[in-house]
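> For the protein sequence lines, the chains are A and B, in the order given. The opening position of the first sequence corresponds to residue 1 in our numbering, with each subsequent residue numbered one higher. The opening position of the second sequence corresponds to residue 1 in our numbering, with each subsequent residue numbered one higher.
By construction, these hints were calculated from the structure, which means they are not laboratory data. A few of these clues could be false.
[Unchecked claim] Pairs of lysine-lysine, DSBU-like flavour, derived with a Cα cap of 35 Å:
#1 B:Lys42 / A:Lys188
#2 B:Lys117 / A:Lys445
#3 B:Lys104 / A:Lys493
#4 A:Lys32 / B:Lys71
#5 B:Lys19 / A:Lys501
#6 A:Lys234 / B:Lys104
#7 A:Lys188 / B:Lys116
#8 A:Lys188 / B:Lys104
#9 A:Lys234 / B:Lys44
#10 B:Lys44 / A:Lys609
#11 A:Lys188 / B:Lys75
#12 B:Lys44 / A:Lys81
#13 A:Lys188 / B:Lys71
#14 B:Lys47 / A:Lys188
#15 A:Lys234 / B:Lys116
#16 B:Lys44 / A:Lys602
#17 A:Lys330 / B:Lys19
#18 A:Lys234 / B:Lys19
#19 A:Lys234 / B:Lys47
#20 A:Lys234 / B:Lys71
#21 B:Lys47 / A:Lys32
#22 B:Lys75 / A:Lys234
#23 A:Lys234 / B:Lys60
#24 A:Lys325 / A:Lys501
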Amino acid sequence: MPIEMSKYLGIYVTEATEHLEALGRELVELEKNAADSLVDSMFRHAHSVKGMAAAMGYEASAVLAHRLEDIVQLVRGDRSKLNGDLVDLLLAATDALMEQVRAAAENREAPQPDELLGRLTGTVSALTGRAPAPTRVLQAAPPTPSQPPSPPADAPAGASNFHGRWAIQLRVAASCQVPGVRAFLVYKRLCNAGQIFELRPPIESLRSGRIPEGLISLELETSAPASEIESLVKNIAEVELLSLQQVKPAAVEPGSQEPSAASKSASQEAHRTVRIRTELLDYFLENAGELLLASANMREWGKGLPAQIRTQFNEGVDRLQLLVKDLHGKVMSSRMMPLASVTDRFPRATRDLARRHGKEVDLVITGAEVELDRAIIDSVSDPLLHLLRNCVDHGIEEPKQREDVKKGPRGRILLGVRRTQDRVAIELEDDGRGMDAEKLKAIAKERGLITAAAAAKMSDNEAYLLACLPGISTATGVTDTSGRGVGLDAVKKAVENLGGKFEIESRRGRGTRFVLDLPLTVSVVNLMLAKVCDEVVGLPITKVLGAAEVDSGKLSSSRDSTFLPHENSLLPVYELAALLRWPSAPTSGARPYIVTEGEAGKVALAVDKLLGQEEVVLKVLPAPLQLIPGLSGVSILGSGRPIFILDVPRLLEHELAAS
Amino acid sequence: MAKRVLVVDDAIFMRNMIKDIFMSGGLEVVGEASNGLEAVEKYKELKPDLTTMDIVMPFKSGIEATRDIIKENDKAVVVMCSALGQESLVMEAIEAGASDFIVKPFRSDDVLAVVKKVLGEE
């Protein structure tokens, strides 16, 4: 890469990644539906990456992308050339390109994809009967910042026609009752006037009315003059034309526009969004939660104030609480991510799995734009992938077997997401062989996991959950063997740790449906875990100032108190077990202490063992546990162990009051 | 000259309500139809400037009737009368060539705003 290009590296990585992700998705889609628009879009992605890589001086990437583009172009001309092996090859090329982009981002050498390039070149030659054209790669002068990254190496010169390309921004009125239909109407009208690109939000979101703040942006390629576009939009009620700007004259080749269009929309996007480190978001949430608590405490203190200043004080606290609540809500919403960020890779995973097993499977995803808290997204990602694998591996039958039971050779998996008020249900459903409740019960009985009486009372849906018990599997292939029990066990635990519910419905021979019923948001806290009297407790890490293991001989005593020397001062030592009123045996020798802040300054808490840090989902204390002083919540650790989260200042306060 | 309107709905109640709204807005209701078949016939006969079309009707749905009317005249202005929850049907009607839609229960101002816009009177 020429040195001057380094400043474009960030945008190159971002955009190339987006293009390659889209290309990967579309390749998977292509096998089911080789629509013109899809092939065109794939061509544009390959073309854009080629142009950018060439401009950056990444020769191997540019050549790979060029071969991809060549092959897509050939498919565009003749769909009969398309087959599973060709898609495999294109996917491999996309993966290799992605790896190269990652390598560029991390400033390391990417492996040279010589073997792959050989196959790609061989394929192009075989399909066309001649060697592919050389790829032009920029080695020296970088483009000036005001120009798009790269003039495509092989764009036809002077091929523009009379068409114009317009960037259009619209807003659907907030009062509109059916924004989805309104937006769709606008979309249709503009479609009639020309060709639409860069539609945001995408059409599926528009149709279902998910239009943040009613804002729609798109680019329209049309021969119509500005006035005509204007009146087109003006003739639609509840829609406001915010801006209409000519982008630039379009060229004939669909790909040749892409680099500039893409970087333009990316820069538009950049004005409205910034990337934030997730740790920072966690920090915001934690502190916003602390602020809520602190303002609630202030209200308590206000009760002790003289009447003449209490009113004023309370007004101030009211206002503060309102602001803090609003802030907390906003922080919560900033943590929301669409489930698509997880499910986007599923079509590819399904395809690869199915091909490996010699099965044919269609995955249909709906509702992936529903947004969930980042912590939930992180936690359901692996379980969902596991369930998907389960459906492909075990649920869906071989094509031959399916035809024997008159199902049609292609299996179908539906991944649907539904949102209600404050919960979201993720459903994964296959039309495979289903599960056998009786068999599951029999095995659970045999292993001594349930009694015969319990088995007799158990409903089928309850019986399916037996598959979640560690080690259960039915050997006949009805739910199949390896790992299924263990895996479902992990899925159930992950869902329950988030405060959700996991259910299985199944019909023999018809299919299985997994339902993950989840909360929309969670509070996440980072805890310092400690063992006290064989129990594990957690302290919010924000409250922990330090930890040390100190020999009892190093402590200083005065009358009935003990002190821990810490950073040039002596901290009063409290037995955490004693504060919690838990029975404990006296110990001697070295033991760990946690330094934390009490109402009256730093204190050292003696514990039995430090267990390290863990990020957990905070749950409120169910009644009557909230009456116990010094507990601020409960949580379930990754291991499944329930723990109490301590509020040390309250605990100390209570201790002082008692003595 | 006042714009001429054909009102299609299987409920007399709805037809009367729409007629009142149109009359208050200075439009002339030149005909009515109570199902899709009748709607297409009346359209051919009256050549109105605007047709309001209910979706769920006997014999022939509003969507099919719209399709037929557009086949007859691709410049025909058909406005769908829909209820909340019929979003996908309305989108289907738009695919079929409907120019716009109004949402029940009708509010006079909203209906007239949509209609005037779609007729290019604003």
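> Kindly indicate which numbered hints from before are broken by the structure, ordering the numbers from low to high.
2, 3, 5, 10, 12, 16, 17, 21
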